[in-house]
Every structure is written in structure tokens, then in C-alpha cells.
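Participant: Okay, here's what each chain looks like letter by letter:
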Amino acid sequence: MTLRILGSLALGVVTGLFFLPEGIANMIGPLTDYSLAILLFAVGFDLGQDADLRQKIKDLPKMNLAVPFMIAIGSLAGAVLGGLVVRLPVGDAALVGAGFGWYSLSAVIITQTYDVTLGALALLTNVFREVFAFLLIPLVAKRVGHLPAIAPGGATTMDVTLPIIAANTDAQTTLVAFYSGTVLSILVPICVPFIIELLQHFL
Amino acid sequence: MALLLGALILGFAVARLNLLPNTWSKRVGVVGHLALVLLLFSMGFSLGANSELTSALPSLGLKALVLSLSTILGSVFLVWFVTRVRRPAK
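Residue numbers (the working numbering), protein chains in the order written: chain A, 1 to 203; chain B, 204 to 293.
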């Protein structure tokens, strides 16, 4: 499955890079939306078929509610550490990490209100995060555990990467992933402007 | 956004209310898988056709690579570290 994912992603990138017939370019937006909708229908269908889902939700440890916050803090700390490697100031690195994989939103906010180059870096970093998530979720699910497998996707586990999590973990983890992605998606437009505000006041 | 949430809920409802014959449940999985391949293709296309992205790649690509991997590692590590303590012994 990973091979097929990588293959179709690569094929898409190459097509997008070298062939740009207007007709196709206009069809891509709806294609993304509808394929995503079909995917989420399938995920919902899978969850709905689970007869004792209610009990499974009841059995979920309360600590799972904290998963998105662990992912947020871990992402920021990881970004700061990575920033040390590539010589990026702590605040700037945290800002890039605060996109949590939602590249379009974080990059737009950073470009418009802080710095154009950093916005471009945030765009690339968070695009990479989403692409790597597709590849790493199956690996982390198998080698590390189901809950940690939610982490690579960040904010995207409420839609784009949810099917990968559903395919590689279980119904309970899928629910936690959807919840986590929702919380992180709400956190992005809060965290990014907040960090920019801090940077502008104290640095 | 509403489309996506609606699709998720609709899928759930269709399964709960048994609106599809039993033999269809496998087919939903196959269609979902096909949709995933299409999604990845269209995502790849949008990325490849995004000139803002491809022009930033040579100068910022390496930095972005390091930062994306470090954010992933940081978040995976923290979730693993915090949840490893309590493995429910059922």
C-alpha cells in the first residue's frame, strides 16, 4: 500500500511539474475534494460497522483526550531542536512547527503577518510533514504503537491522513485520531498568530 | 469542510442503518482505496504545479526536510513516552 501511495504521489508531482494543460489543472481541485469525501465515507462506514463501538468509546482511557496536546508540544519541541541543527532562531523554528502539518493555513498567516521567507519555509516543512505522515504512519503503528502513529499526521488526521490511520490501527485509535486532528486544526490559527505576537514583542 | 464531515457521518449512518447489502462492505473498502490513490495523485499534482513551492525548494528544501522530520519525531516521541506508562492490562 505504501508503494502505491508513493507511486501515485510521485506520478502526480511529475504530472503537475511538467504537464499543465488548463483543463486538467481545473479538475484537480474537485478531484481532491471528491476523492477525500469518498475516502471519509469509507472510514465512516467502517466505524459504523463496528457493532460494539459504543463500548469501545467508553473503554477509551481519559488520557487519550490529551493526545493532541502532546502532539502539539512534541511538534514545537521537535521543531526547536531541528532549528538548532539548521541554525534557525528558536522562535522562528517553533513558528514553523506550529503549522502541525496544515501547510496552507500556517504559511499564509506567517507570510502575511511576519516574514515571507519563513512563510515559504513553513509551507515546505508542513507539506513534507504531510507527505512523510503517509509513509511513516504504517511504520510507527507497527513498530512503536497505535497512539504514537497519530502523531506524524498532526492536524491532518481529521481528514487526509485519517484513512491511513484507520487502515493501520483500530477503530478506537481512528476515533482518537479524528478528535486529535480536529483539536490541532483549531490550535493552528491560535498558536501561529500567538507565537508571531510573542516574537514581535520580545525579540 | 462540510462536504468532508458530511461524508464521514453519511458513511457511518449508512453502515449503522444497514442501508447497503452485506456483500457491499468489501466494495466500499475497494472504492475507498481507489479514492486514496486518486487523492494522492491530485495532491501530488497540486504540489508539483505550485510554483511558490517548487521555487522555494532549492534554497529551503534541506531546512524543511530537517524541520519536518524533527517535528514528527518530537511528537511521536512525546505521545509514545506519555502513553507507554499505562498499557491497559485487560
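Derived from the structure by calculation, the hints contain no laboratory data.
For every residue, glycine included, the Cβ atom is placed at its ideal position computed from N, Cα and C.
Hints may be right or wrong, so weigh each one.
[Said to hold, decoys possible] The calculated lysine-lysine pairs, modelled on BS3-like cross-linking and capped at a C-alpha distance of 27 Å, are: (1) A:K56 x B:K266; (2) A:K58 x B:K266; (3) A:K142 x A:K58; (4) A:K142 x A:K62; (5) A:K142 x A:K56.
[Stated by the list, open to error] The following residues of chain A were derived to be distant from chain B, with all beta-carbon distances above 12 Å: (6) F41; (7) Q49; (8) G119; (9) L124; (10) N126; (11) I190; (12) F194; (13) E197; (14) L198; (15) H201.
[Unchecked claim] Here are some chain A residues pointing at chain B (derived, C-beta under 10 Å): (16) L36; (17) A72; (18) P193.
Participant: K142 of chain A and K56 of chain A were given as a pair; does the straight-line alpha-carbon distance stay at or below 27 Å?
Facilitator: Roughly 21 Å between the alpha carbons, so the hint for K142 of chain A and K56 of chain A holds.
Participant: Looking at L198 of chain A again, its CB stays over 12 Å from all of chain B?
Facilitator: holds, 19 Å
Participant: Does A72 of chain A pass the interface check with chain B, least Cβ-Cβ distance below 10 Å?
Facilitator: holds, 8 Å
Participant: Please verify that the nearest CB of chain B lies beyond 12 Å from F194 of chain A's CB.
Facilitator: holds, 17 Å
Participant: Confirm or reject the statement that E197 of chain A sits farther than 12 Å, beta carbon to beta carbon, from all of chain B.
Facilitator: Fine: 21 Å to the nearest Cβ keeps E197 of chain A off the interface.
Participant: At 12 Å, judged by beta carbons, does L124 of chain A keep clear of chain B as stated?
Facilitator: The assertion about L124 of chain A is violated, with a minimum of 4 Å to chain B.
Participant: When you check the alpha-carbon spacing of K142 of chain A and K62 of chain A, does it fall within 27 Å?
Facilitator: Holds, because 23 Å separates the two Cα atoms, which is no more than 27 Å.
Participant: A cut-off of 12 Å on Cβ-Cβ distance, and I190 of chain A was said to be off the interface with chain B. Does that hold?
Facilitator: Label holds. Min Cβ-Cβ 17 Å, cutoff 12 Å.
Participant: Using Cβ atoms and 12 Å as the threshold, tell me whether G119 of chain A really stays out of contact range of chain B.
Facilitator: Per Cβ check, G119 of chain A is inside 12 Å of chain B; nearest 9 Å; violated.
Participant: Going by Cβ atoms only, is P193 of chain A closer than 10 Å to chain B?
Facilitator: Violated: closest Cβ of chain B sits about 19 Å from P193 of chain A, beyond 10 Å.
Participant: Need the status of pair K58 of chain A, K266 of chain B: alpha-carbon distance at most 27 Å?
Facilitator: violated, 43 Å
Participant: Can we confirm that no CB of chain B comes within 12 Å of the CB of Q49 of chain A?
Facilitator: Its Cβ does come within 12 Å of chain B, the nearest being 5 Å, so this is violated.
When the structure is compared with the earlier hints, violations turn up for hints 1, 2, 6, 7, 8, 9, 10, 18 and for no others.
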